[in-house]
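*Asks:* From first to last, the protein sequence lines are chains A and B.
Going by the numbering used here, the first residue of the first sequence is number 1, and it counts up by one from there.
Going by the numbering used here, the first residue of the second sequence is number 1, and it counts up by one from there.
Careful: at least some of the hints might be erroneous.
[As the list claims (entries may be wrong)] For lysine-lysine, the following BS3-like pairs were computed, each having C-alpha atoms within a straight-line distance of at most 25 Å:
(1) 98/A - 116/A
(2) 74/A - 254/A
(3) 321/B - 472/A
(4) 46/B - 280/A
(5) 555/A - 606/A
(6) 148/B - 169/B
(7) 321/B - 254/A
(8) 255/B - 220/B
(9) 425/A - 46/B
(10) 442/A - 15/B
(11) 143/B - 46/B
(12) 193/A - 324/B
(13) 436/A - 74/A
(14) 254/A - 313/B
(15) 74/A - 333/B
(16) 333/B - 193/A
(17) 143/B - 280/A
(18) 159/A - 132/A
(19) 606/A - 74/A
(20) 436/A - 220/B
(21) 421/A - 220/B
(22) 538/A - 101/A
(23) 442/A - 220/B
(24) 191/A - 320/B
If you are wondering where the hints come from, they were derived from the structure by calculation, not from laboratory data.
Small disclaimer: the values here were computed from a predicted structure and weren't measured.
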Amino acid sequence: MGKRSTVIEREEVVIRFSGDSGDGMQLTGTLFSDTAALFGNDLSTFPDYPAEIRAPQGTVGGVSGFQVHLGHSKINTPGDFSDVLVAMNPAAIKANAKWIKPGGTIIYDEGNFSEKNIEKAGYDKDPIIEEKLDGYNVIAAPISSMVKEALKDFGLDPKSVLRTKNMFALGMVYWLFDRKLKYTEDYFEKKFKNKPGMAEANKVALRAGYYYAETIEALTPTYKILPAEIAKGLYRNINGNTATAWGFMAAAEKAGLELFIGSYPITPATGILEELAARKDLGVKSFQAEDEIAGICTSLGASFAGDLAITSTSGPGLALKSEAIGLAVMAELPIVIVNVQRGGPSTGLPTKTEQADLMQALYGRNGECPVVVLASSTPSDCFHFAFEAARIAVEHMTPVMLLSDSYLANGTEPWRVPEMKDLPKINPPYADRNEKPFLPYKRDHEKLARSWAVPGIAGLEHRIGGLEKTVKGTVSYVPENHELMVNLRAEKVAKVANEIPNLEVYGPKTGDLLVVGWGGSYGYLITAVRELQDEGHKVSLVNFNYINPLPRNVKKVFSQFKKIVVCELNMGQFANYLRIKHQEFNYEQLNKVQGVPFTIKDIKEKCIKILEDK
Amino acid sequence: MAETQVYKYTPKDFKSDQEVRWCPGCGDHAVLSSVQKALVELGIPKEKFAFISGIGCSSRFPYYMDTFGFHSIHGRATAVASGVKTANPELSVWQITGDGDALAIGGNHFIHAIRRNIDINIILFNNEIYGLTKGQYSPTSTKGLVTKTSPFGTVEEPFSVGELVIGAKGKFFARTIDTNVALSTQIYIEAAKHHGTSVIEVLQNCVIFNDGIHDTIADKEVRDDRTIILKHGQPMVFGKNNDKGLILEGCRKLKAVKLGEDGFTEKNILVHDTFEPNPGIQYMLANMKYPEYPVALGVIRSVDGPTYDIAVKEQIEGVKKTAKIKCMDDLLKSGSTWSVG
Numbered sequence: 001m002g003k004r005s006t007v008i009e010r011e012e013v014v015i016r017f018s019g020d021s022g023d024g025m026q027l028t029g030t031l032f033s034d035t036a037a038l039f040g041n042d043l044s045t046f047p048d049y050p051a052e053i054r055a056p057q058g059t060v061g062g063v064s065g066f067q068v069h070l071g072h073s074k075i076n077t078p079g080d081f082s083d084v085l086v087a088m089n090p091a092a093i094k095a096n097a098k099w100i101k102p103g104g105t106i107i108y109d110e111g112n113f114s115e116k117n118i119e120k121a122g123y124d125k126d127p128i129i130e131e132k133l134d135g136y137n138v139i140a141a142p143i144s145s146m147v148k149e150a151l152k153d154f155g156l157d158p159k160s161v162l163r164t165k166n167m168f169a170l171g172m173v174y175w176l177f178d179r180k181l182k183y184t185e186d187y188f189e190k191k192f193k194n195k196p197g198m199a200e201a202n203k204v205a206l207r208a209g210y211y212y213a214e215t216i217e218a219l220t221p222t223y224k225i226l227p228a229e230i231a232k233g234l235y236r237n238i239n240g241n242t243a244t245a246w247g248f249m250a251a252a253e254k255a256g257l258e259l260f261i262g263s264y265p266i267t268p269a270t271g272i273l274e275e276l277a278a279r280k281d282l283g284v285k286s287f288q289a290e291d292e293i294a295g296i297c298t299s300l301g302a303s304f305a306g307d308l309a310i311t312s313t314s315g316p317g318l319a320l321k322s323e324a325i326g327l328a329v330m331a332e333l334p335i336v337i338v339n340v341q342r343g344g345p346s347t348g349l350p351t352k353t354e355q356a357d358l359m360q361a362l363y364g365r366n367g368e369c370p371v372v373v374l375a376s377s378t379p380s381d382c383f384h385f386a387f388e389a390a391r392i393a394v395e396h397m398t399p400v401m402l403l404s405d406s407y408l409a410n411g412t413e414p415w416r417v418p419e420m421k422d423l424p425k426i427n428p429p430y431a432d433r434n435e436k437p438f439l440p441y442k443r444d445h446e447k448l449a450r451s452w453a454v455p456g457i458a459g460l461e462h463r464i465g466g467l468e469k470t471v472k473g474t475v476s477y478v479p480e481n482h483e484l485m486v487n488l489r490a491e492k493v494a495k496v497a498n499e500i501p502n503l504e505v506y507g508p509k510t511g512d513l514l515v516v517g518w519g520g521s522y523g524y525l526i527t528a529v530r531e532l533q534d535e536g537h538k539v540s541l542v543n544f545n546y547i548n549p550l551p552r553n554v555k556k557v558f559s560q561f562k563k564i565v566v567c568e569l570n571m572g573q574f575a576n577y578l579r580i581k582h583q584e585f586n587y588e589q590l591n592k593v594q595g596v597p598f599t600i601k602d603i604k605e606k607c608i609k610i611l612e613d614k
Numbered sequence: 001m002a003e004t005q006v007y008k009y010t011p012k013d014f015k016s017d018q019e020v021r022w023c024p025g026c027g028d029h030a031v032l033s034s035v036q037k038a039l040v041e042l043g044i045p046k047e048k049f050a051f052i053s054g055i056g057c058s059s060r061f062p063y064y065m066d067t068f069g070f071h072s073i074h075g076r077a078t079a080v081a082s083g084v085k086t087a088n089p090e091l092s093v094w095q096i097t098g099d100g101d102a103l104a105i106g107g108n109h110f111i112h113a114i115r116r117n118i119d120i121n122i123i124l125f126n127n128e129i130y131g132l133t134k135g136q137y138s139p140t141s142t143k144g145l146v147t148k149t150s151p152f153g154t155v156e157e158p159f160s161v162g163e164l165v166i167g168a169k170g171k172f173f174a175r176t177i178d179t180n181v182a183l184s185t186q187i188y189i190e191a192a193k194h195h196g197t198s199v200i201e202v203l204q205n206c207v208i209f210n211d212g213i214h215d216t217i218a219d220k221e222v223r224d225d226r227t228i229i230l231k232h233g234q235p236m237v238f239g240k241n242n243d244k245g246l247i248l249e250g251c252r253k254l255k256a257v258k259l260g261e262d263g264f265t266e267k268n269i270l271v272h273d274t275f276e277p278n279p280g281i282q283y284m285l286a287n288m289k290y291p292e293y294p295v296a297l298g299v300i301r302s303v304d305g306p307t308y309d310i311a312v313k314e315q316i317e318g319v320k321k322t323a324k325i326k327c328m329d330d331l332l333k334s335g336s337t338w339s340v341g
C-alpha cells in the first residue's frame, strides 16, 4: 500500500454519503459502517432518505443520504456535522452544504456535475464556489469516467457500469480511513453468487477507487481512528426495527408463548413486520392485515387465543387503532402496540423523525383508558424495551404501548448480543382450570391482573368484551360497578411502577441544571451533557424509558437540581405531562419540530443560556 | 383416543347462565336455538368453540353461549375471529354479525377474510335495518326504504350478501330463515364441517324496526311457493305441490317454470351442484329475488380449497424443518458478528 504523507489521529469522525435516491447510498453507508464495526470502532448511523421511492433525478428532493459517526470512544449519535461528504451529484451538495464542518473534505463525482445537473440543483455555475466551500478540502474525482474505463472489458451495459460508481467512491473513502476492502468484497461475492461478473465488476470499481485515492496527492490528510474500548463479548450492528422485532421473539421464547404479529405496512414501522414475517424458523405467525384496524384486531384475537400478540404501526395507524386499544383495555388482554413515530400530523413527514405522538399514546382513546407506555432510547435498546413491553403486557394482562421513532428505527449501532439464559423468565398468569366457577375478572392482589383463560381448556369457558362487566363477567350498567372497574383498571396500570427500575441520573445527583429527555433523543442529550460536564458545568441528564407509570423516584431526583429543562422533538408534550404528574417543579423547555433530531449545538446553547439566566 | 371420543351434549349444555335480552318475538331467539342444536351434532368438545361478535343486537349472542366468547367492537369481529383461528387452528371459530356490522363498517374485513378462506363460520343476521341504534337503513335495505335516516326513502342500491361473498372468492355460501330451525340447524352443521370461510345469511326478522320485512317470502302461507330449498344432487323443484322448477334459459339466465306447462317436464329442471367450483349457476341462484324467482335457501355453494390458517401453520412447519436457526440464541449469533476481547 502506498505511503501516507499526513495521518491525523482522531477520536471520532463523521462521514456522509449522499446522492440520488437511485445511487445506492444506503448500501454504501451500510458497507462502510459494517467495516468500521468489524475494525472495532464504536459507531452510530442514520439513513436519511426521501419518502418518494424515486424522486426526480438530480433534484434536492431526491437526495438520499447515509451518515456514519465512528470513534475511538463511546458514540451516541450519528453526529451533527460531517468531516467528510461524498456527493454523487450537485443536489447532494445543495442538501448538505450547511452540514459540513468548516475545512472538511468533500469528494464529488465530477462527471455528474454537468450544466444540466448543476441547474437542476438550483445553482448557476459552480456549486462549490456558490456555497463558499472553495476553502475546504475539495476533491473533484472523475468517478463516472473512471468506472467506465475500469469496466470497459466487462461487457456490461452502460447503466450497470454506472451503477458501480458508489463502490468507486466507497473505495476512496476506505483509503482515506485506511480500512480493509475484504468485508465489502466478501459481501459482493455472496450477493452475486450466481452472477460472478457483477461481483467482479463491483470489486474492480471498489479497488479502482481505492487506488485512485492512493494515487492522487490531493486526498490528504488521511484519518486514523483507533478501535474503541468496549466491553468484551459478541457484537453485531443492529437497527431499531430489527432490535424491536428480536425483543418480541426473545420475550415469546422466555414466556413459552407463540408470537403473533397482526400489522399493516406503514413507514417507518414496516421493518418490524418484515423482520418477523421472515422468522418462520422461529415459529412467528405474521398476519399482514387488510388495514391498521384489522392489524390490531387480529392480534387481539390471537391474544384471546393465547399467543403473545403484537401490532406495529406509526402515528396515522395508531389513530386508526384507538378503538381496538380501548377494547384491549376493557377485555384486559395482553398486547403490545409499537408506534414508530414520524413527523405528523396526518401523513406529515413519513420518513422523518419526531416525538409528537406522546399524548396520543397516553390519552388518545375514548373513556378512562390507561395503558402502560414505554419508550426505547437507542437502536439497540429497542430489543430490551420490546422485551420489557411484552413482559409487562403478559404478566399484568394489559395493553402496552411501545414508542420508538424513525431515528431509532433506521439508525444502527453495534450491540453486544445477550445470552438468552441471562434474560428473565416471563410468567403468563394462566387461569387455574380447577377454579370453580371461573371468574374472568377476578384479580390477583399484588398486580391486580386478571388471569388468562385460553380457549381449548375445559372448564374455563367464559365471555369477555367491550361492555362494562362485573367481576363475574356479567354485563353491568350499575353506576358503582362502572366506577369500581374504572378505578381497578387504572390502579392495575399504576401498580406496574412497583416493578420498574428507578430513574438513572447520568452525572452528579445534584447540580444547577437537570436535562430531562425521553425515548429517542437520549443519544444527543447524553453527548451534549457529557460535553457540558467536561466544560465544568453542573449539569446532569435523566432520560425516561418508562412514561406511564413513571418511575417512583422522579420527585427525589428532580428536587436535587436548581433548574430543569425538558428536551423533546415536539412542542412540549412530555413537559406538560410532567406538569400534571409533578406539579411541584418548574420546567423549562427545548423543543424542535423539523423532522430531524436535535444537534449537540442546539442542546448545549439552550443549557448554557438557562445556566446564565439568574 | 380423542377422535373416537363421543361428546354427549344437549343444547342446554351450550346455554350460559345469562338471561337472554333480545326483544320478545325477535328472530335472534330462533337462531340461538338452532346453533345450540347444531353444536350438539358436531362431536367437538365444548371448550374448543369460540364465538366472536361485533356490535349490534345479534352480537350479544356470545353472552348466551356457554363457550369461549369475545364480544368485540363494531365491524371488527371478522378480524378478531381471524386472529383467533390463525393463533389456534384447532378451535371451531364462529362469528356472529349483522348486515351493518359485516357489510358497512366491517365490509373490508368481511371480504378479506373470505378471500383468505380462513376457516371460520360467519352467521350474518340480515334484517335489512339497524336495530340497536333504533331503526336506520342498512347496506342491505331495499332501495326506497323509509327509515329514520331516510325519511324520503333510500336512494342507494343494497348489497346482496351472496353476490358479495362469491365476488370475494367465497367458497361457502348458504341462506336460511330464522324461524326455520330444522333447515338452519342442518346448514350450521354443514358450515362447521366445511373447511374455509363459511357465510350463512339468516333472513332475520326485527320485530320492532322492520317487522315482517321477509314476510313476503317467509310467511308460512306463501313460503313454499316463494322460496326454494336447494339440496346437492336434487332437482331444483319448489312449490307447495312441488310443481315448479328452475331451468336455464339460453345458457345465460335462470327461469322459474311450472311443470307440465309450456312443455316443461322434470327433465328440463336443473339439478343443484353445491360443489361445482365454477360459481356461474350458484351466483345466479344466490341472486334470485321474488317475485321473478323463488328465493334460494340451503347451501348454495360449498367448494373445497386451501385455508389460510392451515397454510400459515404448514409454512412455518416447512421452514422449520430445514432451518438452521432453531432458537433465539442461534439468531442472535447468526450473520455478521464480531468478538471483542
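*Asks:* If a hint holds in the structure, say so; if it does not, say that too.
*Replies:* Comparing the hints with the structure gives:
Restraint check: the Cα-Cα separation between residue 98/A and residue 116/A comes to about 23 Å, which is no more than 25 Å; the hinted pair holds. Our distance criterion of 25 Å between C-alpha atoms is broken by residue 74/A and residue 254/A, whose separation comes to about 31 Å. At most 25 Å may separate the alpha-carbon atoms for a hinted pair to count; residue 321/B and residue 472/A exceed this at roughly 44 Å. Proximity of residue 46/B to residue 280/A is assessed by CA-CA distance (about 31 Å); at most 25 Å being required, the pair is judged violated.
Pair hint residue 555/A plus residue 606/A holds up; C-alpha atoms about 23 Å apart against a cutoff of 25 Å. Between residue 148/B and residue 169/B the alpha-carbon distance is near 35 Å, which puts this suggested pair outside the 25 Å criterion. A hinted pair counts as satisfied when its Cα atoms are at most 25 Å apart, and residue 321/B with residue 254/A qualifies at roughly 22 Å. A distance of roughly 24 Å separates the Cα atoms of residue 255/B and residue 220/B; the hinted pair therefore holds under the 25 Å criterion.
For the given pair, residue 425/A sits about 32 Å from residue 46/B by alpha-carbon distance, which is inconsistent with the 25 Å threshold. A C-alpha spacing of about 22 Å is found between residue 442/A and residue 15/B, which places the hinted pair at or below 25 Å, so the restraint holds. A distance of roughly 42 Å separates the Cα atoms of residue 143/B and residue 46/B; the hinted pair therefore is violated under the 25 Å criterion. This hinted pair checks out: residue 193/A and residue 324/B have alpha carbons roughly 20 Å apart, not beyond 25 Å.
The straight-line distance between the Cα atoms of residue 436/A and residue 74/A is roughly 57 Å, outside the 25 Å bound, and the hint therefore fails. The straight-line distance between the Cα atoms of residue 254/A and residue 313/B is roughly 21 Å, inside the 25 Å bound, and the hint therefore holds. Under the criterion of a C-alpha separation no larger than 25 Å, the hint pairing residue 74/A with residue 333/B is consistent with the structure, at around 23 Å. As the CA atoms of residue 333/B and residue 193/A are separated by approximately 23 Å, the hinted pair is consistent with the 25 Å bound.
The straight-line distance between the Cα atoms of residue 143/B and residue 280/A is roughly 49 Å, outside the 25 Å bound, and the hint therefore fails. Taken as a hint, the residue 159/A and residue 132/A pair is broken in the structure, with Cα atoms around 33 Å apart against an allowance of 25 Å. Distance check on the hinted pair: residue 606/A and residue 74/A sit about 24 Å apart at the alpha-carbon level, within 25 Å; holds. Proposed proximity of residue 436/A and residue 220/B is contradicted: the alpha carbons are some 46 Å apart, above 25 Å.
This hinted pair does not check out: residue 421/A and residue 220/B have alpha carbons roughly 70 Å apart, beyond 25 Å. At most 25 Å may separate the alpha-carbon atoms for a hinted pair to count; residue 538/A and residue 101/A exceed this at roughly 28 Å. A hinted pair counts as satisfied when its Cα atoms are at most 25 Å apart, and residue 442/A with residue 220/B does not qualify at roughly 49 Å. The straight-line distance between the Cα atoms of residue 191/A and residue 320/B is roughly 24 Å, inside the 25 Å bound, and the hint therefore holds.
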